[in-house]
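Hey, can you work out the whole structure from these sequences and the hints?
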Amino acid sequence: MNARETTLSVIRTLWPWGLFVAVTALWTFGRISDDFTFGLRAGENLQGFLVEMALVLPPMFLLVGLFEVWVPRELVERHVGRRAGAAAIPWMVLLATVQAGPLYAAFPVAASLWRRGCAPRNVFIYLGAFSAMKIPMLTFEVAFLGWRFSLSRTLITLPVFIVASLVMEKLLPNDFVLPMAQDAPRAKQGIP
Amino acid sequence: MTSLWIMTGVALLASLVTDRRKTRASLAKGLKMLCGVLPLLLGMLAIVSLVLASVTPRMLQHVLAGSGPLPFFTALGIGSIALMPGFIAYPLAGILQEQGTSAPVLAAFITSLMMVGVLTLPIEARFFGWRVSLLRNGLALVGAVLVAAGMAWVLR
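In order, the protein sequences belong to chains A and B. Counting with the working numbering, you get residues 1 to 192 for the letters of the first sequence. Counting with the working numbering, you get residues 193 to 348 for the letters of the second sequence.
Source of the hints: derived by calculation from the structure; they are not laboratory data. Fair warning: there could be bad hints in the mix.
Have a look at the derived ranges for each label pair, beta carbon to beta carbon [unchecked claim]:
(1) 211/B / 3/A: 43 to 53 angstroms
(2) 28/A / 290/B: 32 to 42 angstroms
(3) 83/A / 290/B: 29 to 39 angstroms
(4) 195/B / 28/A: 34 to 44 angstroms
(5) 313/B / 177/A: 44 to 54 angstroms
(6) 90/A / 224/B: 29 to 39 angstroms
(7) 2/A / 265/B: 38 to 48 angstroms
(8) 177/A / 224/B: 13 to 23 angstroms
(9) 224/B / 77/A: 41 to 51 angstroms
(10) 322/B / 25/A: 31 to 41 angstroms
(11) 195/B / 90/A: 41 to 51 angstroms
(12) 261/B / 2/A: 47 to 57 angstroms
(13) 167/A / 344/B: 15 to 25 angstroms
(14) 214/B / 79/A: 39 to 49 angstroms
Small disclaimer: the values here were computed from a predicted structure and weren't measured. The beta-carbon is built from N, C-alpha and C at its ideal position, and this holds for glycine as well.
This is the structure:
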């Protein structure tokens, strides 16, 4: 590895921590100065995000781990696989609505389902339901925007993302293989 | 949030009772995946908090108010880029509604906010690859336009 590659790889591993320190520094500066609310707001935002992440990500990844070890591939394929019918849709929506958190928390679950034989369209239906129709969020929406708005939005969104998911599956080649997120670093080090 | 923890707890307990070794394997698996994306996630969230801090609710009210195509496209643009937890987004949307932002513009904002994530694209690509991620986000953006159109039609 030459010097340039080393520098690049150091930057690649350190940039998130650098940014984290930078936001913390801005926040600290905001605390001690009178008119630097930008730093304060940035720090408070980050704190909110980190709390949300700490609340949601550990159970999601635990569930993914349990799912991969316990649920047999045949079961997934039979109920939500490529040959499964429309009955898979309520299953995906139900799975999504009982979970919580920002969309990025659903990615590991979705990727894991896909690798275990879930049809791409059902994976996207899961992601769509997760982002747009979670029950806890719906109560929030009703409180601030009213029944009329929330109900119409939800009922319009449901068919839209189901159709989008079907289109999505059509757009992907049949032999499309997912990159393995957790195996990427291992492959880079050259260990089989 | 609580339901998620309860569900996970019950599943974990059932697994532990049934087979200790399998439980340990699944924990290791989950933990390894989590550690793999954690740094990237931290960096993303730091960027998002900086972006969000530079946009104030008053600025949003200003650009999203009124009628015509401009507030609509602005709503789509901001919604696609920003990443907001629901407890910030819905109160904000409530304020915007009171200030006279129209329902289609609000729907475009909320839908793109939830379904399109430009800033989280690197994380999404980590799991699905760039091709799937770009396609999904593109289609979600089209979906947000359709939802807004539907809202305009229903709530006319």
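Consistency of the hints with the structure:
A hinted range of 43 to 53 angstroms holds for the C-beta pair residue 211/B and residue 3/A, which are about 50 angstroms apart. Taken as a hint, the range 32 to 42 angstroms holds for the pair residue 28/A and residue 290/B, whose Cβ atoms sit roughly 35 angstroms apart. A hinted range of 29 to 39 angstroms for the beta carbons of residue 83/A and residue 290/B is inconsistent with their spacing of about 50 angstroms. For the pair residue 195/B and residue 28/A, the beta carbons lie near 37 angstroms from each other, so the given range of 34 to 44 angstroms is met.
In this structure the supplied range 44 to 54 angstroms is violated for residue 313/B paired with residue 177/A, their Cβ-Cβ distance being about 20 angstroms. Checked against the hint of 29 to 39 angstroms, the C-beta distance between residue 90/A and residue 224/B comes to roughly 32 angstroms, which is consistent with it. At roughly 47 angstroms, the beta-carbon separation of residue 2/A and residue 265/B lies within the given 38 to 48 angstroms, and the hint holds. Distance hint check: the CB atoms of residue 177/A and residue 224/B are about 21 angstroms apart, consistent with the given range 13 to 23 angstroms.
Under the hint 41 to 51 angstroms, the C-beta atoms of residue 224/B and residue 77/A, about 25 angstroms apart, miss the expected range. The hinted range of 31 to 41 angstroms is satisfied by residue 322/B and residue 25/A, whose Cβ atoms lie roughly 32 angstroms apart. Separation of residue 195/B from residue 90/A is about 18 angstroms and departs from the stated range, judged on CB atoms against 41 to 51 angstroms. A hinted range of 47 to 57 angstroms holds for the C-beta pair residue 261/B and residue 2/A, which are about 52 angstroms apart.
Hint check: residue 167/A to residue 344/B, Cβ distance near 22 angstroms, so the stated range 15 to 25 angstroms holds. At about 22 angstroms, the CB distance of residue 214/B to residue 79/A disagrees with the hint of 39 to 49 angstroms.
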